Each structure stands twice: as structure tokens, then as C-alpha cells.
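Each protein sequence line maps, in turn, to chains P and S.
Take the first sequence: its letters are residues 1 to 369, numbered as in my numbering.
Take the second sequence: its letters are residues 370 to 1506, numbered as in my numbering.
Hints are computed from structural coordinates only; laboratory data are not their basis.
Be aware that one or more of the hints could be misleading.
[What the hints assert, rightly or not] Now the stretches of chain P that chain S is said to cover, found in silico as 3 or more residues with beta-carbon under 8 Å:
1) 143-156
2) 177-190
3) 330-343
Nothing here was measured: the structure is a model prediction, and the numbers come from that model.
Cβ atoms here follow ideal geometry from the backbone N, Cα and C, with glycine treated the same way.
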Amino acid sequence: MMASSYNIKEEDGHHSGSSGPGGNAVRTKKPDNTAFKQQRLPAWQPIITAGTVLPAFFIIGLIFIPIGIGLYVTSNNIKEFEIDYTGIDISSPCFNCSQSYSWNTTTSCTCSIPFSLDQPFESNVFMYYGLSNFYQNHRRYVKSRDDSQLNGNLDSLKAPSKECEPYRINENMPIAPCGAIANSMFNDTLDLFYIDPNGTRTPIPLMKTGIAWWTDKHVKFRNPGGSSSNLTAVFYGTTKPLSWPKPVYELDTDPENNGFVNEDLIVWMRTAALPTFRKLYRIIQKKNSLTPTLPRGNYTLDIVYNYPVRSFDGRKRMILSTISWMGGKNPFLGIAYISVGSVCFFLGVVLLFIHHKYGNRNNSSDIPN
Amino acid sequence: MLRRRLNRLFGGDEKRVDSRTIYVGNRPCPATETFIPPKFCDNRIVSSKYTIWNFLPKNLFEQFRRIANFYFLIIFLVQVIVDTPTSPVTSGLPLFFVITVTAIKQGYEDWLRHKADSEVNKYPVRVLEDGQPARKDSEKIKVGDIVEVVEDETFPCDLILLQSSRDDDTCFVTTASLDGESNHKTHYTVPDMEKDLQSLSATIECEQPQPDLYKFVGRMHIYKPEHDPAVRSLGPENLLLKGATLKNTKKIYGVAVYTGMETKMALNYQGKSQKRSAVEKSINAFLLVYLCILISKAVVCTTLKYVWQSQDGQDEPWYNQKTEKEKGTILYVKMFTDFLSFMVLFNFIIPVSMYVTVEMQKFLGSFFITWDRDFFDPEIEEGALVNTSDLNEELGQVEYVFTDKTGTLTQNNMEFIECCIDGFQYTAFSSELDSFCVTDGPVSTFQEKAGREKEELFLRALCLCHTVQVKEAGPDELGGDQVDGPASEPLRPAEQRGFIASSPDEVALVKGAMRYGFTFLGLESKTMKIKNWQNDVEEYELLHVLNFDPVRRRMSVIVRSKSGDTLLFCKGADSSIFPRVRPEEVERIRMHVQRSATEGYRTLCVAYKRLSVDEYAAADAGLREARLALQDREEKLMAVYNQVETAMSLIGATAVEDRLQEEAAQTMEALQGAGMKVWVLTGDKMETAKSTCYACRLFRRSTELLELTVRTLESGGRRREEMLHDLLFDFHRKAVQDAPPARAGVNRSWSSANPEYGFIVDGAALALVMNPSPDTNCSRYRSLFLQICQNCTAVLCCRMAPLQKAQIVKMVKNSKGSPITLSIGDGANDVSMILEAHVGIGVKGKEGRQAVRNSDYAIPKLKHLRKLLLAHGHLYYIRIAHLVQYFFYKNLCFILPQFLYQFFCGCSQQPLYDAAYLTMYNICFTSMPILAYSLLEQQIAIEVLLDNATLYRDIAKNAMLRWGPFLYWTVLAVFQGLIFFFGVKYLFSNPALQDNGQVFGNWSYGTIVFTVLVFTVTLKLALDTRHWTWINHFVIWGSLAFYVVFSFFWGGIIWPFLKQQRLYFVFFNMLSSVSAWLVIILLIVLSLLPDILLGVLRKPRGPHTQQKPAQSSGGHHQTSDRPLLMRTFSDESNTVM
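Make a model of the complete structure from these sequences and hints.
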């Protein structure tokens, strides 16, 4: 419609312009007749009206509420058990350990906390440690690392980045891995025992691997000099971080999980977003489909208590959790979806009402115009 | 620039000496004791700003003088010096980009200027040295050199014409490149010059350089060995301006008086004062608000940081020790640097890119005006011209339109309609009768005849009293005319060809005389030849031309006929002629003049006077003396003119029709419908102007006219001041106090319920109002006057001097609420008001190009104003307003999560987003959609805008950039920012978001927030877009796709140049988490919800947009000129009256 009327116009202009031999000049000077230049590009002109938005509201409502319910149910089905072992209370078995803290003791303090699970944990169980009031997202902390050193760069190994200050050099030797993050690596050892009804302690096998992002483990973090070589030799000339009891090449006996590619280190190096956080510690693999991974019953958590948090009023937790397709237990998403869905639905109803009532009046006022 | 300033500085010293003395040929003169070569500047033109050496520092200096650039520089420097959370690259890169692009652009422009300069400066000229022309570069010309110029060359500097190759001691020039007037102007050699320039010994005294192209006073002393020095007066007619071109003259010699940067052309090339748009002021106000937000955010964070750190163990926990350097700094220094760091962290809230985008939008957007074919005028084969793109959006904000009458409302295409000789009227004849008239003489058309002698005298007067030239058909023009004359000049009637004049009235009159049988043949060496009815050639010696000027409003010539009679013919406005003729003659003519004027014709009265020998001698002496005067020459000339032009006898009057421009009435009606007040400012007389106003429907039959003119002031027989006082209060009561209070928004024009007022004021009355005599307590007059004017639907100001026009514009501009004004005009007399108004529009009319050159926008016809304002202005305003609001919005909800994050990271300035995201957000991810939007958006189709002028009122008074909408956008941004941050925060209460139990860290957090942000902000724009062209689709979806691709790319590689691989596979892992997907979708929907909701609820308030599809398809064609409703109403009122 528009296009056709425009064409006519164009012809008119052309006729008047080329009435004489000078028509050529007219043509060259006259602005181009392109849709873009004349601001006549064909365009889709949507209008937000009650008519278009109302179905959208209902559809959003109808989609979001089931999703929300699904999420909520999923989240509720996830089993989670949490235990605070900081040892603030005198009654806590770890009270002594938390009080008698010093970095330089060679003997480590241990404590064990008994607990019981009311429900069996059926699938794979993930064991997290949680810290509170620990500012892993502090700027000074976040930047205090040398990714190039962790990636196996030999130059950076010997001369760590300045960002690592004041955890860069100790006694004239470069620290490996340098920086505040690495230095403050979580070093409590947690062990889980199942107490049979008859009283025997069965250690529960904890998997150390598979807890870090695959790309981190295989690409981002690399031992200097390749994985095959002798780590002790590679790290010669460097020193361990101040608060570590042993150097980085003695983190594990498994060469695939030692040095910079130690998964505990990698997990720790991924700084948490908020001051209260949890990090994956171990995985308890399901053995077979018949028995639950963690059956109902009594357990003991044995802790080698190394990590001091009292000084900054922190807390330490151990969390056992199963995992669903949406991750760990978090009712927020489900509730949010349900509420947004219902709000949309409610708004849809209200709008429908308004539209029905006032829309008529609007139409009637339109007619005389 | 610097050079010019220096010149001005020294010029200030020089100015104390009122005149400069020039030694012609740089030879010492006998009269002066010692010859000291005066120091003048050389003839080098420097229009370039930079040299290679000073380009970098100077350009950088100029750029950083802009407050925004300076601000970003400071931020950048802070980032370099202080340990800040983001690397200097994040703000340095965009700034560097902006600065470099601008520098390259300016450098290129300057290079072009250099090239142009050197072309001019190295242009070979011939300077007379020892009688022989010697070739020189143009820049080597010194003041006092005698320069030779040949035909079609431009003058290399301002010259006094000494010798011309033409016999009549004249030369022709065209000043097309100076003021655009392409007609040939005659310049004269210094009178009685001797032919031998070599032996000429003379000095020239002239005023110091001044920019007025049409003013020059000087005096030449010619020394001859045995005579007393002879003195000749020099005027603008002797001065050849640099930049003008010599035409129709083989060769001239002239002496350089002003050179280089002191030439009038160079002095005129000073930049126009920068006009700033109201939108820019809004931007600055918003910027201030955001700066306050920024500073308060930084203060809050700094305070919190120290509060938090004062808690036990938080300042320096064992896991996070400070460096030695940090420990060493004094607390207050640390606090200050912390404050600066926060500033840097949040500085993205005021983005560099906004300035770039706004500039780009304005620059690119203005092309749509030049591209618009509707603005193309086939007559002059030109379209619209945009001189400044800074004011595009101002076109959508106009509240007052000041329009010139002649050439703007009317075509300035004069046609001789009728004349009145000795009280008898000779009515119009149609052009078919042309031949008839010429052959048979006018007898048959002259019904009731005046005496034959009177008729002849009248026609002779018409033929003699003018400054029209007969165009000498040079070889090129002749050829052009012969080959395709009618085609190349399709509209110039054949008979008009051949006459060139500065005003079209004169041509019309000469042509009119020609139709009656008296043909002007031309002026040759001071002899005017006319052919009379008997086909005899009469010759008159032209003695003096008493030039036309707008103050006297008349011109005269003194001629001597063959029989020896000396005659003075004078023509001019009735008001200026009537007092100077015998009163008994006036009455007979006055009636005719007034009748013609009410019919909308331009009238001129013609008078003559026979000068006796003594009278002539006296006049001649007076004129010569006044012309020689160095000081106050104008005033002295005026006095002599007034003295000579007395006691004349009136012969008759002429009426010339100036036809209305096409669609003038519709345009005016549309403008009024759009809520603009249209004021006509004209130099013409009241009756003519009034009839034009009626013709344009500015005044209707129902309009009650309030007249404040000399006539009404003098009618009461009381003193003018008293009358003025009474009238003003009377009008004020009528128009302001009795007017119903609520008038805004109603279609007042077509409802006859309210009385409409039209206000007429003339120059003299205006002068009384503006500059009241000190004894009266009438400082109130101005405000009264203004209030009356503002309450009238149309105001007509007639008999305005150019400066008075500007005065009126200024008065309105500075009135309460500072309304946006627009001036439109076509002539040199409109330049002052064009420059004064917020938006100046030049009409590419017949009166030269000065208005166009000084305007902000130039259009070929008045009718184009309608589309320019109603469609282009409206769209530009909506676009830029949305652009500005959107920019502030998107940066607030960009930075707010970052601010909130500080509460959860110990106020440690930890950025939430990765540096790449911080940098790219404004440059790449979100910049293109809004730019495309701000170029292409048409919320209301152009046709609808043109048809419904009232839509223009919706955006009046900066409606989209006031605090209300700003608050809405800000609240929306805050709402969305909160949603982004806390939504993700609650998700991260359990950071195990993948189905393998692994956890996400802080960079994942930031990336999720950022992803939600980019999508929301882009989709918000998509929701606002009402005009989806393929470009919008491409850019909006392209931006989002680019974001995703970039994130993959950025996180997919270990970048060797990065210190930290923060984002390595973060984006990928995020996408592998179902929870992240779900939260992103949820938050986007939630953030957009209020906007959708408001969109639905707001609809009923603006019925226009809903109706528009129906109207644009149906109503558009049938009511192309006026809406139906309107037509019936005005027809009705016509019949009633």
C-alpha cells in the first residue's frame, strides 16, 4: 500500500524534473530514492496492547508455575546434612583444638564429632566444607595469585608476579604457589566413619578427584616441566607457602593429583563469590544400586583441625549433600519461579478485568474520531 | 586560532589609531617627511588550526578542554597512579579510541585546510614592480602593492580599484563565494585616476580592517609634482574584496589595502557562536545527578569499608595480609585513595560512549534531512542543507516561530500588477496582452487617462530610478542560453533574463515599464538609455545614485536629460515619500496605495523633482563632501540625502504582487496546530503584511486584531506615551486577564468558543516599548507587551529593522520558561534573527545566500518547514531523548550490582564483572542497538505526524527529558539492578550449581549477573522499539549473539597477555548449569515485567498511537491539505462573518 503510493510519487517527481533536456542534472542532484535514505524501510511495528500482552502473561504464568513446582520438589528431594565443627562451644569436641591453635606445631590437633543420619543418602554423596565470614572475594585476596605460575610457566615459578605480595618471596626464595589464596589453602582433613550398630568404625572411601572443573585441572593448572618429570626437582629453588606444613609437591602421593594439579588446591583457587561459601571436598561414590551410599545410622567425622578461623570470627562446616540436575539444595529457584509465575498469572487476570471493563469505554470513545 | 587571537590582541592596540595610511606602490610620498614602511600583516591566509609540530599537544589540549573528556582523563590518571580495582585499560581504551578518532577527524580536516590555504597562498599573482608585472606568490603581497588581476581570477586581497581595462572605469565582480549573490556588481575606479600607475604617487587613508563586507571608508591623496594634492573619497564601490571574482573585465589594477588575515573575508570567517540544544542541557543536568550518585556511592563505600575494617580481625585477617607498602601509607591518604578507587570502580555510570553515541547519532541523523526527497526543490535543484547537526532534536521542541514575510511566506517573485498615475488607476493586464501593449501603446489599457506627459514622466521615472543592470551576455552565458536556456533555467521567464538587480522589486518595475512601452536599455559610462513609445532612444546622464537603505526606505537618482534638465526621481515606501511631497498631491494617491496594500501588494510611490542649476550644485557639493568624509560618512550622507529629497511632487504609485509561497497557509496552519506561536516579522508595511497574514490564515476572520502601531498611537490625539500606556493595559486586560485560564492541550484553533487575538505592532511602537523614555515608569511595558504577545494566536510585527527582529526574538527567548524559538528567513535582513534564535532556518530564496550561510538548516521552500518540524523534529527529539534516558538507565543498572557487591566483599573495591566485560559493555554489547534505534525509530509514522500536527504538542517542553521520565528510568534501573544482584545472590547461597556437585566462584557470579544485564537491557530496548527494520533486527539480535560468541571466545583461550585467566571456561560452565539458565530466564522476565505492564496500562492515555494505523491508511489521502473538521469550521466562520 505504502510502497505503491510512493512509487507514484516518484514518477511524478521524475516527470517534472525531466521535462527538459536538463533532466539529467536533476537526477544526479536529487537525493537517492532508497528506502533507507527516505526513512521508509519496511518495518514491523509491534504495539504493546492488552491484547498481545495478556496471553503472554498467562503463558508465562502457566509455564513458570510448573517449572517452579518441579524445581521446588527437586530441591526438597535433595538430602543435605550439615555440621558445624568450629568448636565455639565448650561442649563441642573441637573446642580444645580451636583454642590451642598455632601454626608451628608439628603435632596436629584432632577431634571427632559423632552424628547420625535419619535418612539414607541414596545416590552419590558430595562432601563439602563450608566457611563463613571468610572473605575470599576481598580484592586484595582475589588478585593475589599468579595464574601463569600455576599454569606451569617456569619463569613465573622462579619470579612470581608482583600481585602475590606479600606472599611472593620467603627467605629469598620464590613461593610456589605464590599469593594469599594459595597460602590460605584449606588444610583440615576430614574423614568419615560409619558406626555399625555393633560399634565398629568403617571408614567411608572418599574420592579426591572429580571435584574441580575439568578445564581447570587439565588446562588452566599445570605442573611446571610437564606431568612426567620429578616434581621435587622441578620445584627446587622454590619454597612452600608460609602457612603450609609441606611443600606443594607433597600434597598427594598420586602424581596425577600432586603439585599444581592437586584438586584441593584447584578448588580452593576458585575464589568464592560470597563470604559464606562451600567448596567441594570429597565425593562418596555409590557402590551399587542395592545399598544406599550412606545408610541411616551413626557416623563420626574425624577432623585434623589445622585451619584457624576464630581470629576473624569465622565458622567451619562439613556438608553432606546429594545432587540433582539443578545442583545442590536451593529452594530459592523453585520459590522464585512459583511466585513470578503466580504474579504473572494474577496480573493477567487483573489486566483482563481492566481491559474488559475499560476497554469498552475506550472503544466507544474511539468511534466518533 | 592562536594567531587570530594574537591578531586581535595587537589589533586592539592598533585600533586606537583609527585609520591606516597606505603608500601606493610602497613609494615614499613628497608630502610626508620620512617614509616609514608601515608594518601590516602579510597576505598569508591561515585557516588551519595546527601545524605538524603543535598538532598533538594543541589538539589534545583542545579535546581535553571538553569537560567530559577531561573527566575521563582524570579517571584514567587515577587508575594509572592509584592502585585501583580495574586496570587503566578499561577506561583508557575507550578514551583513547574517542580521542584518536576525533584527532584523526580534526587532523584530516586541518590537512584539507592546509591544502586549501597553500593553494590560496601559493597562487601566482602579478604585482607591479617598476612598472613591470612580476610574478609572485599570493602570500608575498604586501599592503601597498599594486596588483594586476585578469578576468575570472579571484582577488588575492582587498584591493582599491585603480585602473580597469573597461572604458567606463568600472569593473564587474561577483561575490558568489563571499555572500552567495551571484549577480554582477559594478565597482568603480578611483575617480580621475591618471593612466600611468608607475608615476602615481599617492597615499590612501582608510579605516582599520573591519568585518562588514559592505562598509568601507577611505580617502586617497594623490600627489602631483606641481599641484596641490588631490583628494578622492573611497567607498565600498572602490573596494574589491578578496574572494570575489572579476567578471566581464579584461584586466584591472588595484592597490592592496588589507591583506591576509585582515581582509574582510578572513575577518568574516570567524566561527559562529555555538548553539546548544535544550537536550544537551538536560544531559548535563542528568550528568550532574549521576555524578552526585557516583560520589555518594564512593563515599558510602569508603565509610563502610572503614567501619567494617574497624571490627576485630577484619582489616587484616591472617589469610589476607597487607603488603609492606599498604601498611606504610598514612590512614588519610589511604582513605583518599580508597575513595578514588571506588570512583574508578563506579565511573562506568557516566560512560564515555554516551558522548560518542550522541555525537554519532546527531551527525548521522542529520543526513536524513539532506537525503529527504520531499525537501528537494526542482526549481533550484537543491535539497535541504544541514549546517549544524547539533540542533536536530531542537526542531521537535519549537514553541515560537518567527518568520520573515518577503521571500519566506511570499515567493519574492515580483510581478507588476498595477499602477496609479496622478490618481488614475491603470489596472493589471494579463501577460497575453503583452505584445498588444507594446505595439499599440498603453492607450487601450489605460481606461481613464491621466495626462500623457504624466504618464511618460511616470514611466521614465520607473525606467531611470533603479540600480538594475542589463546583463551583458558574455560568450559563456550566451552559449549557455542558446544551447539549453529554457532547460537549465526552466523557471526564469524569458523576459526576466537580462536584468540583474539586488532586489526583485526593481526588476518587476523595470519590466512593468517595459510592458507599458518604456524599455531600459542599459547604463553605459554613466549614461542611461531608455527606449520610449516612439522607439526613440533617450539618453540621460546619471549624476548621482542616492542608494536605497532600509532606514530611509527610498532611493533616488539624479539624472540630466539631453535637454539639460536636471531631474531627481525618487521611489520609496509611502510613509517615507508622503512627508516629502506636496501634501495636496498625497490624498489622490494615498487611497490607491492603501487599497493596493490591503490586497497584499507591495506598493511604492514615485516622485520627482526638477532641480535648478543652483540646487543641483548645492546637492552635488554636499554629496561629494559627505562621500569624502572619513568619519560618520553614513550619517553625513543621510543628512544630505534627506536634504535633497524634499519638496518633490508625487507622480504615482506602483503595486507589485508578491505571491504566497506554495502551501504557505497549510504550513502555517499546521504549525499553529502543533502548538507553535507564529510571529511574522517583516520590514514591509502593515497593510501588506496584514493581508499576507490573512492569506496565510494566520489571522482568521474571527480573529480580533489588537493594533499597536503608530497609527493607533497617534489617533487619540494624545501623546504617544500616554496612548501606548492605555493601549497596552487595554490589550493586556483583553488578551491576558480575560482569557480563560486553561488553554493548553485543547484544540483551541478550531473552536470558536474562545476569542482569538492577533496582535499587530510596528517598528516605531516597538521601539517605544523596548526603549521607553526614562521619565515614564514603563519598565513594565516590556513584560506587558510580552504577555499580550504570548496570549495571541498570531503576532505580526511590521516595519521592523533587522536588529529589531533580533530584539524580538531575544525578548521571547529570554522570557519566562525560556521557550525554544525558531527563525526562518531568506534575506540578509533576517540573518540577525536567524543567529539569535535557538534554531535558525534559511530559505534558499532569491535574496542571496546570506541567510542560508548563517542558518543552522536551510530548506528550499517554506512548505518544507512543516515536515522538518513535525516529522523530522519530532522523530529526532524522541530518538535522542530515548537515547539519553536509555544510556543513563543502562549504566545505572550496570553499575548498581557492582555497588551492591561491595557490601559482600568487605568494601574492597572488588569488581563484580571481568575487566573485559566492563570495557566492552558500553562499546560493543549495548551500543549498537541504541544507535540503530536512535537513527531509525519511528514511533509514529511520518505520514501520521504530518497529518496530525497536534502530536507535536505531546513532546513539547522537553517532555521526555524532564525529571519525571528521568525518575522513571532511574527507578527502573535501580529495580533491575537490585533484581540482578539479589536474584543471583540467592542462587549463590548454594554455589553448587552443576549436576556434578562442583561449585561456582565469584567470576561465575559476575558473569551470570552480566549475562542477565546484557539481555535485559537489550530486550528492554527491543520492547521500546516500535519500528523494526531489518537493521534493528540485525543489530539487536546480533549484539546478543556477539555477546555470547565473545564470551565463549574470551573464556575459551588462555590469553598469554592476561595476568589472570579469570574467565577461563566460566561462561561455558555457566551454560552447562541448568540452574544458571533458569535463573537467567527468570530474572530477565522479572526485570522486564514492570515495563510491559506499564506499556499496557499507559496505552489508554495516548490514543494517537492506537489510532494511527487506521488514520494513516484511510485519512491520509483525502485530507492531504486540511483535516475535514477544520475545513468545515473555518468555512462556517466564513459564512457567518
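Now for the hints, and whether the structure bears them out:
no. : hint    : verdict
1   : 143-156 : holds (count 7)
2   : 177-190 : holds (count 3)
3   : 330-343 : holds (count 7)
In summary, this structure violates none of the numbered hints.
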